[in-house]
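Undergrad: Protein sequence lines correspond, in order, to chains A and B. Residues in the first sequence are numbered from 1 upward in steps of one, following the numbering used here. Residues in the second sequence are numbered from 266 upward in steps of one, following the numbering used here.
Hints were generated in silico from the structure; no laboratory data involved. Please note: incorrect hints may appear among the correct ones.
Straight-line alpha carbon distances no greater than 25 Å define the calculated PhoX-like cross-link-like pairs of lysine-lysine that follow [to be verified]: (1) B:K398 x A:K19; (2) A:K19 x A:K109; (3) A:K109 x B:K398; (4) B:K365 x A:K109; (5) B:K365 x A:K19; (6) A:K109 x A:K21.
Restraint ranges, calculated between C-beta atoms of paired labels, are given here [as the list claims (entries may be wrong)]: (7) A:W249 x B:R275: 26 to 34 Å; (8) A:W249 x B:R377: 36 to 44 Å; (9) A:W249 x B:N279: 26 to 34 Å; (10) A:S159 x B:G368: 52 to 60 Å; (11) B:Q444 x A:L250: 39 to 47 Å; (12) B:R377 x A:L230: 50 to 58 Å; (13) A:A148 x B:A317: 47 to 55 Å; (14) B:P300 x A:V32: 52 to 60 Å; (15) B:A290 x A:R11: 35 to 43 Å; (16) B:R377 x A:D229: 57 to 65 Å; (17) B:D436 x A:R11: 30 to 38 Å.
Chain A is nowhere near these chain B residues, computed Cβ spacing over 12 Å in every case [claimed, not checked]: (18) I267; (19) Q288; (20) G292; (21) G321; (22) D371; (23) R377; (24) L382; (25) A431; (26) V434; (27) R435; (28) L455; (29) R471; (30) R474; (31) A545; (32) V549.
Even glycine gets a Cβ: it sits at the ideal position worked out from N, Cα and C.
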Amino acid sequence: MNAGRIRAIVRKEWMDMGKNKGVLWMMALLPVILVAMILGTAYFMERTPASEFDPSTGDEGLSLPVEMVHLDAKTGTIVLMNEQYMFYLLLVPMALPVYIAAYSIIGDKETRSLEPLLATPISTEELLVGKVIAAVTPAVLLAWLSFALTAAGMYIISSPVVFGYLVRPVWTLSMAIHAPLFALLSTSSGVIASSRLNDPRAAQQVTALFVIPVIGLSMAVLLGRIYLDLGLILWAGAAMVLVNVGVLWLAVRLFQRETILTRWK
Amino acid sequence: MIRTENLTKRFGDNVAVDGLTLQVAQGEVFGFLGPNGAGKTTTMRMLSALVAPTSGSAWVNGLQVGADDAAIRASIGLLTEAPGLYPRLDAEQNLGFFAKLHGVQDVAGQVRTYLTLLGLWERRSEPVGGFSKGMQQKLAIARALLHEPPVLFLDEPTSALDPEAARVVRDFIETLREQGRTIFICTHNLDEADRLCDHVAVIKQRLIRVDTPEALRRGLYGQSVLVRLQQVSAQLHALVADLPFVHAVSDTPGGLRVSLDDPDENNPALVHALVGAGAAVQFVEREAHSLEQVYFDLMRESEVAA
Numbered sequence: 001m002n003a004g005r006i007r008a009i010v011r012k013e014w015m016d017m018g019k020n021k022g023v024l025w026m027m028a029l030l031p032v033i034l035v036a037m038i039l040g041t042a043y044f045m046e047r048t049p050a051s052e053f054d055p056s057t058g059d060e061g062l063s064l065p066v067e068m069v070h071l072d073a074k075t076g077t078i079v080l081m082n083e084q085y086m087f088y089l090l091l092v093p094m095a096l097p098v099y100i101a102a103y104s105i106i107g108d109k110e111t112r113s114l115e116p117l118l119a120t121p122i123s124t125e126e127l128l129v130g131k132v133i134a135a136v137t138p139a140v141l142l143a144w145l146s147f148a149l150t151a152a153g154m155y156i157i158s159s160p161v162v163f164g165y166l167v168r169p170v171w172t173l174s175m176a177i178h179a180p181l182f183a184l185l186s187t188s189s190g191v192i193a194s195s196r197l198n199d200p201r202a203a204q205q206v207t208a209l210f211v212i213p214v215i216g217l218s219m220a221v222l223l224g225r226i227y228l229d230l231g232l233i234l235w236a237g238a239a240m241v242l243v244n245v246g247v248l249w250l251a252v253r254l255f256q257r258e259t260i261l262t263r264w265k
Numbered sequence: 266m267i268r269t270e271n272l273t274k275r276f277g278d279n280v281a282v283d284g285l286t287l288q289v290a291q292g293e294v295f296g297f298l299g300p301n302g303a304g305k306t307t308t309m310r311m312l313s314a315l316v317a318p319t320s321g322s323a324w325v326n327g328l329q330v331g332a333d334d335a336a337i338r339a340s341i342g343l344l345t346e347a348p349g350l351y352p353r354l355d356a357e358q359n360l361g362f363f364a365k366l367h368g369v370q371d372v373a374g375q376v377r378t379y380l381t382l383l384g385l386w387e388r389r390s391e392p393v394g395g396f397s398k399g400m401q402q403k404l405a406i407a408r409a410l411l412h413e414p415p416v417l418f419l420d421e422p423t424s425a426l427d428p429e430a431a432r433v434v435r436d437f438i439e440t441l442r443e444q445g446r447t448i449f450i451c452t453h454n455l456d457e458a459d460r461l462c463d464h465v466a467v468i469k470q471r472l473i474r475v476d477t478p479e480a481l482r483r484g485l486y487g488q489s490v491l492v493r494l495q496q497v498s499a500q501l502h503a504l505v506a507d508l509p510f511v512h513a514v515s516d517t518p519g520g521l522r523v524s525l526d527d528p529d530e531n532n533p534a535l536v537h538a539l540v541g542a543g544a545a546v547q548f549v550e551r552e553a554h555s556l557e558q559v560y561f562d563l564m565r566e567s568e569v570a571a
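Same shape as in the complex, but just chain A (with noise of 0.2 Å):
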């Protein structure tokens, strides 16, 4: 593979990220509204009485996993609206590059400008590889920001207890290995998507499909039914790690230039 060449397929896809006011919108919308949702919530129940949050008062609220048993009922039910929300920031990665993607495959397709592209000497992967890690590298590193953010705000307006569950190793790793790989599969599947379809928003749609795990997930942490420890998260990014290289994979095989040059009409 050639890194030049790469190269310069990274660099055309931001420079037309950069003028495309549309994907710009929809990059930041994602982060800014979750990172004010995250930051409002906590804010408005750190105000809020700890006596709303006792059980004795009838309302029986969240049940807290063995792990947070120990924590009062007020702190716990905030520690666990940001486990859930964390959930939602790991969305970020995952939603921005099928939007990128999907423009990026079938925007050279309403602008005819693919067959030029292809007659370059660029290889398939050189152009795949090219256009993922355009797609990916934006999304993490907003991902990345939104932690960051949503860190430094919950240390400002919440407890130091709530804080340093947000910061604890299971999240800072999730967001370090998993943002990266739930990015880089939803790029491929958007590429897969959009290589097999001619409109956009049906390749956005398809790929939203993977979604439903980590909501699944968040579901089963919101119910007290898993704990997430270190080894899950280990885990999990080894399982994406396979899943992302079957997928990358096939992606590779199924981006067909002949079929792509001849039945794209």
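Use these hints to put chain B onto chain A, whose structure you have.
TA: Below, chain B alone, put in the same frame as chain A:
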């Protein structure tokens, strides 16, 4: 420079190109003519190593299609039917991107050279989405030339252009020919093919005929001249018919159509004989058959044969 042997492409049951055999010499402009769906673009894509042939062989620049695809793509310039530019990027960014993909050493210099050559340097910082069709086409031609390829494939280079822009593009193709590049043009514009091409191939899935435009005319219609006379008579008709180099004579309004061996050589003797017989010759002109007429007659022939 370009050679194909029994080149065939099928898409399922549909035969797009059927047993095409042709040869294009270095430095010539070769026109590829045929109706929509005749297999022109598919052939061009096979020769550009974008689409694999189903059977047969092809060589471009001595490189074999199917075996040396990346090398072929590095040594050709392709102008696709649609310019296929990135509308949000400016002209300089569009060309710079492709120059990098081709591994051009002096990217900025080469981009500047071609933008200047095609009169786009002053507009280099504008998004190309706002360019006219002519400007976009010129930019797409510049893109195909950035890496100085010896072979150029141009698919409908002047379609959808106004006459002025089309002329600029045609003049530029002439300049490229003078540089010794081999140029393979797919076109519907038969007048353009007549003016630009050293050889033309007429295809409809199969190769119908390939030759120089002049040889195609001669092959179909022979060589004939129109002789305009003040007065036509049966005697004059018989006199001309008896000349040894004349194949056929027919009457036309105000004169005779004379089919002969070689107008350049035979016209003086023809005029001499007519004047000697007392005829008042107003003028003699070579009968012109447009390439369009040749094309339609070849198509008709191929349909009858089918």
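Undergrad: Evaluate each hint against the coordinates.
TA: Here is how each hint holds up against the structure:
no.	hint	in the structure
1	B:K398 x A:K19	holds (22 Å)
2	A:K19 x A:K109	holds (18 Å)
3	A:K109 x B:K398	holds (19 Å)
4	B:K365 x A:K109	holds (21 Å)
5	B:K365 x A:K19	holds (21 Å)
6	A:K109 x A:K21	holds (19 Å)
7	A:W249 x B:R275: 26 to 34 Å	holds (29 Å)
8	A:W249 x B:R377: 36 to 44 Å	holds (42 Å)
9	A:W249 x B:N279: 26 to 34 Å	holds (31 Å)
10	A:S159 x B:G368: 52 to 60 Å	holds (58 Å)
11	B:Q444 x A:L250: 39 to 47 Å	holds (45 Å)
12	B:R377 x A:L230: 50 to 58 Å	holds (56 Å)
13	A:A148 x B:A317: 47 to 55 Å	holds (49 Å)
14	B:P300 x A:V32: 52 to 60 Å	holds (56 Å)
15	B:A290 x A:R11: 35 to 43 Å	holds (40 Å)
16	B:R377 x A:D229: 57 to 65 Å	holds (60 Å)
17	B:D436 x A:R11: 30 to 38 Å	holds (34 Å)
18	I267	holds (15 Å)
19	Q288	holds (22 Å)
20	G292	holds (22 Å)
21	G321	holds (16 Å)
22	D371	holds (14 Å)
23	R377	holds (18 Å)
24	L382	holds (19 Å)
25	A431	holds (20 Å)
26	V434	holds (17 Å)
27	R435	holds (21 Å)
28	L455	holds (25 Å)
29	R471	holds (20 Å)
30	R474	holds (27 Å)
31	A545	holds (62 Å)
32	V549	holds (50 Å)
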